[in-house]
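**Student:** Spelled out from the first residue to the last, the chains are:
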Amino acid sequence: MSAEQSSRERALAEAFVSLADTLVTDYDVIDVLHQLTIECVELLRVDAAGLLLSDQRGTLQMAAASTERARVVELFQLQSDEGPCLDCFRTSQPISAADLRGMTEWPRFIAHTLDTGYRSVHALPMRLRTETIGALNLFSIQPRALGPDELRIAQALADVATIGILQERAIRRRDILAEQLQVALNSRIVIEQAKGVLAERGQLEMERAFQLLRGYARSTQQRLSDVALGVANRTIAADVVLGPLHGSTSP
Amino acid sequence: MTELPALEQVLREIVAEGGPDAPRRICEACMAALPLDRAALALMTAADQQEPLWASDDIARKLDDLQFSLGEGPCVEAFVDRRPVLVADLTEHAHSRWPVFAAAALRTPVRGLFVLPVQAGAITLGVLDLYRDTPGMLEPDELTGALCAADAAMWTLLGLLDGVTGYGGVDGERAVAADGQQPVPDLHRLEVYQATGMIVEQMQVSPNVALSALRAHAFAESQTILEVAREVIVRRLRFDKEKP
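So the protein lines, in turn, are chains A and B.
What the first sequence shows, in my numbering, is residues 30 to 280, in sequence order.
What the second sequence shows, in my numbering, is residues 169 to 412, in sequence order.
No lab work stands behind these hints, which were simulated from the structure alone.
Predicted model only: the values in this text are computed from it and were never measured.
One or more hints might be untrue.
[Stated by the list, open to error] Here are a few chain A residues that face chain B, going by a calculated C-beta distance under 7 Å: (1) 123; (2) 124; (3) 128; (4) 207; (5) 224; (6) 226; (7) 262; (8) 266.
[Said to hold, decoys possible] Label-pair restraints from in silico Cβ distances: (9) A:255 x B:230: 58 to 64 Å; (10) A:134 x B:189: 43 to 49 Å; (11) B:233 x A:143: 55 to 61 Å; (12) A:120 x B:237: 49 to 55 Å; (13) B:388 x A:67: 48 to 54 Å; (14) B:408 x A:266: 18 to 24 Å; (15) B:330 x A:87: 24 to 30 Å; (16) A:180 x B:239: 47 to 53 Å; (17) A:33 x B:215: 51 to 57 Å; (18) A:120 x B:239: 45 to 51 Å; (19) B:309 x A:180: 49 to 55 Å; (20) B:309 x A:143: 33 to 39 Å.
For glycine and all other residues, C-beta sits at the position ideal for the given N, C-alpha and C.
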């Protein structure tokens, strides 16, 4: 086993241990999903990862992404109309596009993806028994084929995301799954509302607003979704979350 | 088997037409298309503060009253936890989840309760209560229909609260697609909610007032909500305190 391989296996083991730790305590689904996208980027050495969930109204919605860069978020959102993630969700099969250049499927999606600076896309289904609830989406700047081991890791991470959504005892019950999906998606909307408040208050990009929101939740040991709700409802002052650097009414 | 596309079409029309009759029409559309026996829609501002807008019959009305006076039950839970509460068979919950409510509710014929929060992120306006007299979970496509009805209720209640109703653009689809493109499902676009947050800060108002302002502006300018939201995000358009 090469040194690189063994260090990667260690990283992989650590990631799963840390995710498993999270899942046995009282956790915040949306925060776990975000963490998972970050792990995907690190473990699979891709450049961006996102999780899209079925909103149970026939559309895929972005629930979490490793970056909140507007252009990338747009890419994830675009896939509610067309793209590998949507196909993966519909067929419940992994889809790999090692190099998008020259491909003719999904013309709008590919044009936008290349334009954003990505060359390769992978999508892994999030499955629970017979149901597919969403897909994990991986983007790379360079043309990139994932090997069988990497695809297995990616699928395992997608499975962890599915379990994270379900929470403990819920796995047997379809009604709980439906409830949990709605909670995760609504939390995402709350986060967008809170990002908007912070971005306006501090005159920041949405990505920076998200970083500060999450940083504040971590440093005060609160759930990301609780902090976001407080900021959106103005029960948590934006200035407190923004911190001294952004607190006042800058330009 | 549900007539889902038909239900979605009816809901779109109800949202487009708006007006004080919309709560009744939404509930009746659900009862017509889904295997339900009763329905009700209530505005809520706190777990113990509600205003019933419409109920299909005395039993639905009684179930709502009961929960709000007891402070427990699926409606209260859906509102407080901001999540759908889907109960296939109330007899299974008789002694655990809501002991007082379940004991009283089991004296009515209702067995299945499906309560959906009328919400968008931090905005929670009320609950849509769907009841059936036979136990059983909603099938996935039936749940889809119910969720669409809750979305329709969200836009309708927002309109009733701010007085701007009858706007076909609220569901993000132009009556006639100007550029011949597929209608964009605006309301699911995250930009709408980012812009809502920015307006919360600009106007120093609650998120539902901010979303109302966004929607009213779209109405006045004959734009879609998404178009207006994007203007706000790129900071070409501001909603200030004095100029909502």
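**Student:** Each hint should be assessed against the structure and marked as holding or not.
**Tutor:** Here's how the hints hold up against the structure:
1. 123: violated (23 Å)
2. 124: violated (22 Å)
3. 128: violated (28 Å)
4. 207: holds (6 Å)
5. 224: holds (6 Å)
6. 226: holds (4 Å)
7. 262: holds (5 Å)
8. 266: It is violated, given that the least Cβ distance between residue 266 of chain A and chain B is near 11 Å, above 7 Å.
9. A:255 x B:230: 58 to 64 Å: violated (34 Å)
10. A:134 x B:189: 43 to 49 Å: Because 46 Å falls inside the window, the suggested range holds.
11. B:233 x A:143: 55 to 61 Å: Given about 59 Å between the Cβ atoms, the range holds.
12. A:120 x B:237: 49 to 55 Å: holds (50 Å)
13. B:388 x A:67: 48 to 54 Å: Taking Cβ atoms as reference, residue 388 of chain B and residue 67 of chain A lie about 42 Å apart, which means the hint is violated.
14. B:408 x A:266: 18 to 24 Å: holds (20 Å)
15. B:330 x A:87: 24 to 30 Å: holds (28 Å)
16. A:180 x B:239: 47 to 53 Å: holds (51 Å)
17. A:33 x B:215: 51 to 57 Å: holds (55 Å)
18. A:120 x B:239: 45 to 51 Å: holds (47 Å)
19. B:309 x A:180: 49 to 55 Å: violated (32 Å)
20. B:309 x A:143: 33 to 39 Å: Holds: the Cβ-Cβ distance is about 36 Å, inside 33 to 39 Å.
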